[in-house]
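Chains as they are written, first to last, in the working numbering: chain S, 23 to 390; chain Y, 23 to 390; chain P, 23 to 390; chain Z, 23 to 390.
Derived by calculation from the structure, the hints in this document are not laboratory data.
Built from N, CA and C at the ideal position, the CB exists for glycine as well.
Don't take every hint at face value.
[As the list claims (entries may be wrong)] With a cut-off of at most 25 Å between alpha-carbon atoms, the simulated DMTMM-like pairs for lysine to aspartate or glutamate come out as follows: (1) P:K148 / P:D388; (2) Z:K148 / Z:D388; (3) S:K247 / P:E203; (4) Z:K247 / Y:E230; (5) Z:K247 / Y:E232; (6) Z:K363 / Z:E203; (7) S:K155 / S:E382; (8) P:K363 / S:E232; (9) Z:K311 / P:D388; (10) Z:K81 / P:D388; (11) Z:K363 / Y:E93; (12) S:K363 / P:E367.
[Unchecked claim] What the simulated footprint calls covered on chain Z by chain Y, stretch by stretch (three residues with Cβ under 8 Å from a Cβ of chain Y suffice, anywhere in the stretch; the number is not a length): (13) 189-196; (14) 234-243.
[Stated by the list, open to error] For the chain P half of the interface with chain S, some residues (derived, Cβ under 10 Å), not all of them: (15) G287; (16) G289; (17) N306.
There are 4 protein chains.
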Amino acid sequence: MSVQEVPKESLKAVIPDETERRLNIGIIGAGRIGQVHADNITFRLRNANLVGVSSGSRKLAERCSLAHGCEPYYDYHTLIENPAVDAVCICSASNQHTDQIIAAARAGKHIFCEKPIDTNLEVIDKALVEVRKAGVKLQVGFNRRFDQNYRRVRDAIIAGEIGSPQILHIISRDPAPPPLEYVKNSGGIWMDCAIHDMDMSRFLIGSEVEEVYVLGAVNLDPAIKQYGDVDTSIVTLRFSNGVIGSIDNSRQAVYGYDQRCEVLGSGGSIHINNNYQNSAVISNSSAVKRDLPLNFFMDRYTDSFIVELNEFCDSVLNDKPVPCTGLDGRAPVVIALAAKKSYQESRPVRLTEVDLPLPESLVGWDGQ
Amino acid sequence: MSVQEVPKESLKAVIPDETERRLNIGIIGAGRIGQVHADNITFRLRNANLVGVSSGSRKLAERCSLAHGCEPYYDYHTLIENPAVDAVCICSASNQHTDQIIAAARAGKHIFCEKPIDTNLEVIDKALVEVRKAGVKLQVGFNRRFDQNYRRVRDAIIAGEIGSPQILHIISRDPAPPPLEYVKNSGGIWMDCAIHDMDMSRFLIGSEVEEVYVLGAVNLDPAIKQYGDVDTSIVTLRFSNGVIGSIDNSRQAVYGYDQRCEVLGSGGSIHINNNYQNSAVISNSSAVKRDLPLNFFMDRYTDSFIVELNEFCDSVLNDKPVPCTGLDGRAPVVIALAAKKSYQESRPVRLTEVDLPLPESLVGWDGQ
Amino acid sequence: MSVQEVPKESLKAVIPDETERRLNIGIIGAGRIGQVHADNITFRLRNANLVGVSSGSRKLAERCSLAHGCEPYYDYHTLIENPAVDAVCICSASNQHTDQIIAAARAGKHIFCEKPIDTNLEVIDKALVEVRKAGVKLQVGFNRRFDQNYRRVRDAIIAGEIGSPQILHIISRDPAPPPLEYVKNSGGIWMDCAIHDMDMSRFLIGSEVEEVYVLGAVNLDPAIKQYGDVDTSIVTLRFSNGVIGSIDNSRQAVYGYDQRCEVLGSGGSIHINNNYQNSAVISNSSAVKRDLPLNFFMDRYTDSFIVELNEFCDSVLNDKPVPCTGLDGRAPVVIALAAKKSYQESRPVRLTEVDLPLPESLVGWDGQ
Amino acid sequence: MSVQEVPKESLKAVIPDETERRLNIGIIGAGRIGQVHADNITFRLRNANLVGVSSGSRKLAERCSLAHGCEPYYDYHTLIENPAVDAVCICSASNQHTDQIIAAARAGKHIFCEKPIDTNLEVIDKALVEVRKAGVKLQVGFNRRFDQNYRRVRDAIIAGEIGSPQILHIISRDPAPPPLEYVKNSGGIWMDCAIHDMDMSRFLIGSEVEEVYVLGAVNLDPAIKQYGDVDTSIVTLRFSNGVIGSIDNSRQAVYGYDQRCEVLGSGGSIHINNNYQNSAVISNSSAVKRDLPLNFFMDRYTDSFIVELNEFCDSVLNDKPVPCTGLDGRAPVVIALAAKKSYQESRPVRLTEVDLPLPESLVGWDGQ
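Extracted from the complex, chain S is given alone in its bound form:
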C-alpha cells in the first residue's frame, strides 16, 4: 500500500486518439460549486481538461487545485491570461460574475458562468455586450435543464406527446432554510430560489413570461420579513403564447428536497416526481411507506452538472449553439424582479414594467 504523490499534470485518462480534443478549462472560484465542476472536469468529462483553479482565498485555491492535479491561481486575471486556457468556468460569488465575464470575453476565452449572471439588469447587459463583441461562447449554469426528468418533460412537449401546453405547475421546495444571514443577502426567495424555476418555466413552455402575480407568506422565521422577503411563495405566470402557470416555492419541506412539475396540454399531461435513494416499499401494521426523497440538491441533480459542462465543451469544441445562452440567463432575472415588485405592491406586474431596453448592440442577438 502506497501513500500517493500528487501528480501535477493532467490527471484524466485518455484514449490517445489523435482526433479526440479536449477543452482546457480554468475554474474561477473554489467554493462548493467550483469543487463540483473541478471534480467533474477531472474525473468524468472526456472532452475537458482542468488547467487551473483560481480563488481569492489562497487556501481554497491550493486545496482545490491540488485535489485535482492542476495549478492554483490566486488572481483570476492570471488564469484567464494563461494561453493554455480555452475557457473559464465562473463559480465565484454572484456579484463578481460580470467582471470576470468581461475579462474573459476581452481575452477571447469562452465562458461558462454559474447562475445568476447578476441581479442587476444594467450590469448584466454590460457583460453581454462584451460577450457579443468578443464573439466568445457564453453558457449560463441553469443545471436543471440538463436533468433527465425535466428533459423528459421538455422532450415530450417538443415531440407533441401532450399536444399544446396549457397549464404549467412547478413545485420547488428546499429541505431546510439557509441561515438568516444568508437570506439577508440572497436577493430574496425569487432571485435566490425561484430563479431556477423561472428559467425552467421558459425552458419547458418555450415562450416568454409576460406577467407575474405573487402570493407570499412568512412561516418559518418572522425576522425574514424585515428583509422584505418571504419563505413561502406562489408565483403565477402568464406566458405570451397563452399558457398560464404557477411556481410553488418553500424554504422548508420537512420531508426533503421537493422538485416536481406538471404540464397539462391539449393532448394529455406529463408530470415528474422526486428522486429517491432506493425504491424499497415497506408495509407494516401501521402504514405502507418508503424512505424520504433525496435531500440535497447535489444528490438530486448530480448528473445535471456533468451534462451541462459536457454540452458546453461540445458547443465550444464543435462550434454548436450553447444550450443556455446569456439571454437565457438574463430573462429569469427580469421575472424575479417583477415577482418582487408584485409582492411589494400586491398586484400583477408585467415584465415590461421592470425590464430595461436592451442595449442597441444586443438587439437582434440570439445569444449565440
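Given the coordinates of chain S, assemble chains Y, P and Z onto it according to the supplied hints.
Structure of chains Y, P and Z alone, referenced to chain S:
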C-alpha cells in the same frame, strides 16, 4: 483546444494528505467488466490506484491500459509479480479464475474475483485452500449486494423492520437472451443468470439454502433444449431457518431489465422495484404511462460496481472483513448445481446431494 | 322467472328494530342528480325512506317515482305539504333552489339542497333568513366533502399529521367540456366548476378566503369568450390564516376526470391521487402503463353521494349539526363572484369587494 | 320521522317494463356469506328477486329474511320445493353443499353454489352427475373471477396485450389467521385459502395444472402442525400449455389483505396491486407513506359478489353459459388435494395421482 497526450503515470487526483493510502490494483482481463473496474479505479475510487491491466489479447491490454493511463501486461503472472501491485482484480473468463487466484495468493496478493469463482466445486476448493493458506483477502464480485435497493432490503431485515422473514421472492429477468453460442457454454441459466439471485437469497435471508426444486421452460428458442438448458425458470428454495422462497428467471422480459424482490416477515413486508431513467408519467387519451425501466445491467447496477470495489479496498487497507468471501462465492455454485440436477430429475434436490465435503484445511474457516 | 309488478309502498328492507327510525324524504327534481339520490335513498340508506318525487316534467316524475316505488308529484308544493314528508332533497335547476328552500322552510321541512344554493347573494340570503327563522336544518350538497380521499386530507390536517397548513393546491379538471349552450348559462367556469373547489379549499384549510386572483385562458372553443368565460383557469387564494393556494381548472383533460389536491404543512405534506377502475400495470416493449382514471363524476364520487345524504339523515334524526351548512353554501359563491371580477379586471380582488353585508337576522348564526 | 314497518313482499324497486324479468332466488344458509348475497339480491341486482332464506338456525333464518323482506324457511327442502323459486343460492357449510345441489337439481332449480362444492371428489362427482342429468345451470362462487383487477389481467391475456403467458405469480395473504378451531376443520390452507388462487390460476392462464410442488412452513402457531397443516406456503404449478407459476399464501400479513398477481408473457407483463381505502400519500420528516390496503375480503371484493350473481341471473334468464361451471368448481379441489399430498410427501405430485376418473355420464361435458 489541445489534443491530449497520454500521461502514463497515475491519473487519479488526490488531496495530498499523508494519511491517505491507496490500494494498488492490477486488473487481469480487459473485457467489458475489466474495463468497468478500470474506469472506476481510475476515476471514481479515492482509495485505489490502477497499476496495470493484463490481457491475453495484446490489443485489449493496450487499449485498456492506455485509456486509463497505466501499463499494459500481456501475461498475468508478470502483473501479479510486480511488487507495486497490492491486489488483483480478476476479470477474465470464468474458467481462468482459479488459476489466477492461486497465482495471486501464492504471490501474497489480495484478490477481488468476478463471479463465479468457477463452476466446479473441486476446482473452487483448491483455490480457496490456497487463499486460506496465503492469508490473503479474497472478495467475490456479487455486485448486487452493493446496490442501494437490495441493501435496503437487507438492512430492513437486520433492523427488524419486517420482523422474522418468512417468504422470499426474487424476480430477475434479462431484457434479451444472449446469442445461442454463448448460452451453449454458459453453464445454463442457473449457473449463468440465477447465480446472482442465489447469492442474493443467502445475503438477504442470512441463512443457508437446504433444498431446491426447479420448474423450467423453453419459450424463446427450441435449440436451447439440446444443451439441457431453459430460458424460463422458477427455483423454489427452502432455507435452514425455515424461510421458503422462489426465484423467477427469464432470459427475456421485453420491457427491460426486471430486477425486483420481496420479503414477507412476521412484522411486515418489503419490496423493491425497478430503476428508471426518469420519473415522468404521461397521461394521454389512451393510457397513463411511463418510460421503460433501465434496460442494461451496467445502467441498473452502475453504482454497485463502485461500492463493491471501494469496500474491497477498505477491507484490505484497514484489515476489515471482506463483505463477500470466497465461501460466499462457493455457496451459490452449490445451489446452481442442485438446481440443474433438480431440473434434470424433476424432483426436489437437497444441497447435500451435490455438495462436496470441504477440504480439511477449510473446515472452520469463515472466509476471512 | 317472473315479470315483476311494481310495489308502490316503501321498497327498502329493514330489520324491524323498534328503535330504528327513518327520515321520510321527498325529492324535488327528477333529473340526473335527482335520480341518483332517489336510488341511494331507496337502495342504500338504512336511515332514509323515499316518499315521493316531484318534477315539473310529468314524464320524469312518473318514471323516477315508479322506478323507486314511490308516488309521483307534479308540483313541489304538494310534496312539501305532504305530512308524511320530513325533509326535502332539492335537485331542481339552480334558479329554482331558493323558492323551494323557502317553501320547505315555511312548511317546517328539513332541507338538503344541491349546490349552488343560487348564484345571487341577495337571493341566497333571503332563503337563509327563512331557514333560520323556521329553525329547520339545511345542508348543501357539496358531495366531495364526503369523498374518502378529501376526507383523509381534512382528517390529516385536523389530526396535525402535516403540522400547520401553508400551501394548498387543488387540481380539478373535467374530461370533456359541456355543450356551448350549457356553458352559456352556466355562470362561468368559476360558478359552475370551480365552486366545488372553492368549497373544498375552505373545508380543507378551515379558514376563510380573503382574496383571489385569476388567470384564465380559452383553449377549446373561441366562442366561449363571448360569454366572458374561459375553459382553463388558475385561481390563487389567500386565506385569512395566512395559507396561500391555487385552484387549477380545465374543461378538458383528455385522459379523464382529474381530481387531486395537495397541502404542504409545517410538518409534512399530503396529496391525493385519482381513482382508477383497476390497479393493473402493463409493461410491454414500449411503455409501463395503466388504464385511464375514472372518467365521470358519478363513477369517481359514487360513494360521496351516499355518505352526504346519510349524514344529513343522521343530523336530522339525531339533531346533530349538519356537515355543510347554508353559510357553507353561500361562501363559495362569494369566492366565485370575486374570481369572475378578478378575471374581468385582471387584478386581485378581495372578497369584501363583492360580498353583501349579511342580513341582520343572520348575524351571529353559525348555520346550524 | 317514522318507525318503519316491515314490508314482506318484494322490496326491490323496478322500472315496470314488461320485458324486464327477474330470477326468483331462494338462499340456503344465512351466515355471513348468505347475508351478503341476500343484501345484493335485495338491494343491488336489477335482475333478481329474493323469495326466501332458509337456515337450520331458526334465529338466523328469521333475522335474515326479515332484514330483506322475504319469508324465512327452516328446512331447505321446503324452500327448494316452493314453485316461486327459480334458483337457489347455496351458502351453507361446505359439507352440506352437495346434498343441497342434488335436491335442487332434482327439483329442476338452477344453482349458484359457494366454493368449494365439496372437498371430496367422489362426492362432488355425484352431485355433478345429478346436475347434468337435470339439465339445470350450476355456477360455483369463485367471486374473484369477477373482480375488476383480475378481470383486467384475464382480458389482457385474451387480448394478447402481453403475448403468450410464460410465468404466473399469485400472492394471496390473509390479514390474520382464523381461530385454531376453524383451522382444524378447514381442510388445510390449500383447500381453504389457496383454492381461490388455484381457481384463479386456471382462469387466468386458460390451461390445466398438471403438477404441483409445495413448500410449507408453520410460523404462527405450532399447534397447527398437528393437523398436518401450515400457515405459510408456496405452491409451484406446471400447466399443460407450458406455463409455470407459483402461489404464495400466508395466513397472516400484518399490513392487511394482500391480493396481487403478475403474469409475464412473451410480449410483456401485467400485474395488479392491492386496493386501498384512499389514495392519500403523506410525507413527513420520517417517511413517505400511505394508509394500509383494505383489510377484509368483503371490502376488497365487495363488487365481485354482486357481479357474479348478476351474471348467474343473466345466464339463467337468457340461457347463456355460466361463467364458472361445476367442472371449474371441481378442478381446484384436485389441485388442492395434490398440493396436500405434495406437502406430505415432499415431492412434486402430478394431478393424475390424486384425481378420480370422471363418472361416465360426465365425460364430454363442458359443465354447461
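Going down the list of hints, with the structure as the test:
1. P:K148 / P:D388: Holds - the C-alpha atoms of P:D388 and P:K148 are around 16 Å apart, at most 25 Å.
2. Z:K148 / Z:D388: holds (16 Å)
3. S:K247 / P:E203: With a Cα-Cα distance of about 50 Å, the restraint between S:K247 and P:E203 is violated, given a limit of 25 Å.
4. Z:K247 / Y:E230: holds (23 Å)
5. Z:K247 / Y:E232: holds (21 Å)
6. Z:K363 / Z:E203: holds (22 Å)
7. S:K155 / S:E382: holds (12 Å)
8. P:K363 / S:E232: holds (21 Å)
9. Z:K311 / P:D388: violated (36 Å)
10. Z:K81 / P:D388: Distance of about 48 Å is beyond 25 Å: violated.
11. Z:K363 / Y:E93: violated (64 Å)
12. S:K363 / P:E367: Holds, at roughly 19 Å.
13. 189-196: holds (count 3)
14. 234-243: holds (count 5)
15. G287: Holds. Min distance 9 Å.
16. G289: holds (6 Å)
17. N306: Since the shortest Cβ distance to chain S is 17 Å, the answer is violated.
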